[in-house]
Amino acid sequence: MISIIIPTYNEESSIENTLIQLSALECISDKEIIVVDGGSSDNTILIALKHVRVVSSKKGKANQLNTGVKFSKGDILFFVHADMFVPDGALNAIINQIDAGYDGGGFANVFDSHNKKIKRLGTIMNLRFFKNKEQADRCIFYGDNGIFVKRNVFQDLGGFKEIPIMEDYDFSYRMKKHFKVKQIKDLKLILSSRRHLEAGFLKTRFQWIMIKKLYLLGFSAHTLARWYRDVR
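Residue numbers (our numbering): 259 to 490.
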């Protein structure tokens, strides 16, 4: 079985479409979908309950994802954003990669609008700030890559470190270091560009590139999370 785990917090505008689309995906194995809500004050929970199981959790993506795993049954875990479009064939592709001997991985992705502009800006800024890191960062995945992993590997790694930011990078780095991972490139997840549009392309990309840079330099995730909130 593959368990699809979705952390939510005030996602009433997007969660229903995501759940309908995920429920319709074909899968050569059994699947389950679990929404882990971090205390939404809108109608996220009521909407989600019409379609899937919902569990409540303390707010915080890492904590919500770890909570979702505790309530899940699958031997494969797939972590999905509430505003993410997962293409047909993605679940079977995950299972095929696991059957081929990989322990986990993630997907390539594109934005639903302004994709070339966002990607180009990110590439230019990353080259400026992270020269010689392209090779080192291959097969390290973020939440918007749709991280998937075998349950026993997740448990061996101790799950997501409960830090307020960069929990996906930290988990993916440890997974790559100790296990066999692969990126699925022929099927791409479609990401919402809403945050880039609301906050501005340049500002959003600069924030995340600087957060990564400072995290790798040893700044604590708690300090970076406070800085991110203040800037936002």
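No wet-lab data here; the hints were simulated from the structure.
Take the hints with a grain of salt, since some may be wrong.
Below are the SDA-like pairs computed for lysine to any residue, each with C-alpha atoms no more than 20 Å apart in a straight line [claimed, not checked]: (1) 317 / 401; (2) 440 / 402; (3) 328 / 397; (4) 440 / 401; (5) 446 / 282; (6) 419 / 446; (7) 419 / 477; (8) 328 / 296; (9) 419 / 351; (10) 435 / 464; (11) 470 / 443; (12) 443 / 339; (13) 434 / 398; (14) 443 / 296; (15) 434 / 351; (16) 443 / 283; (17) 328 / 411; (18) 440 / 345; (19) 289 / 345.
If you anchor each label on the Cβ, the simulated ranges turn out as follows [stated by the list, open to error]: (20) 299 / 435: 15 to 21 Å; (21) 471 / 288: 21 to 27 Å; (22) 441 / 419: 38 to 44 Å; (23) 477 / 301: 17 to 23 Å; (24) 347 / 483: 33 to 39 Å; (25) 472 / 441: 21 to 27 Å.
From the three backbone atoms N, C-alpha and C, an ideal C-beta is built for every residue, glycine too.
Going through the hints against the structure:
no., hint, in the structure
1, 317 / 401, "holds (16 Å)"
2, 440 / 402, "holds (15 Å)"
3, 328 / 397, "violated (26 Å)"
4, 440 / 401, "holds (15 Å)"
5, 446 / 282, "holds (17 Å)"
6, 419 / 446, "violated (27 Å)"
7, 419 / 477, "holds (16 Å)"
8, 328 / 296, "holds (15 Å)"
9, 419 / 351, "violated (27 Å)"
10, 435 / 464, "violated (27 Å)"
11, 470 / 443, "violated (23 Å)"
12, 443 / 339, "holds (18 Å)"
13, 434 / 398, "holds (7 Å)"
14, 443 / 296, "violated (31 Å)"
15, 434 / 351, "holds (19 Å)"
16, 443 / 283, "holds (18 Å)"
17, 328 / 411, "holds (14 Å)"
18, 440 / 345, "holds (18 Å)"
19, 289 / 345, "holds (15 Å)"
20, 299 / 435: 15 to 21 Å, "violated (39 Å)"
21, 471 / 288: 21 to 27 Å, "violated (42 Å)"
22, 441 / 419: 38 to 44 Å, "violated (22 Å)"
23, 477 / 301: 17 to 23 Å, "violated (37 Å)"
24, 347 / 483: 33 to 39 Å, "holds (36 Å)"
25, 472 / 441: 21 to 27 Å, "holds (25 Å)"
The structure shown violates the earlier hints numbered 3, 6, 9, 10, 11, 14, 20, 21, 22, 23.
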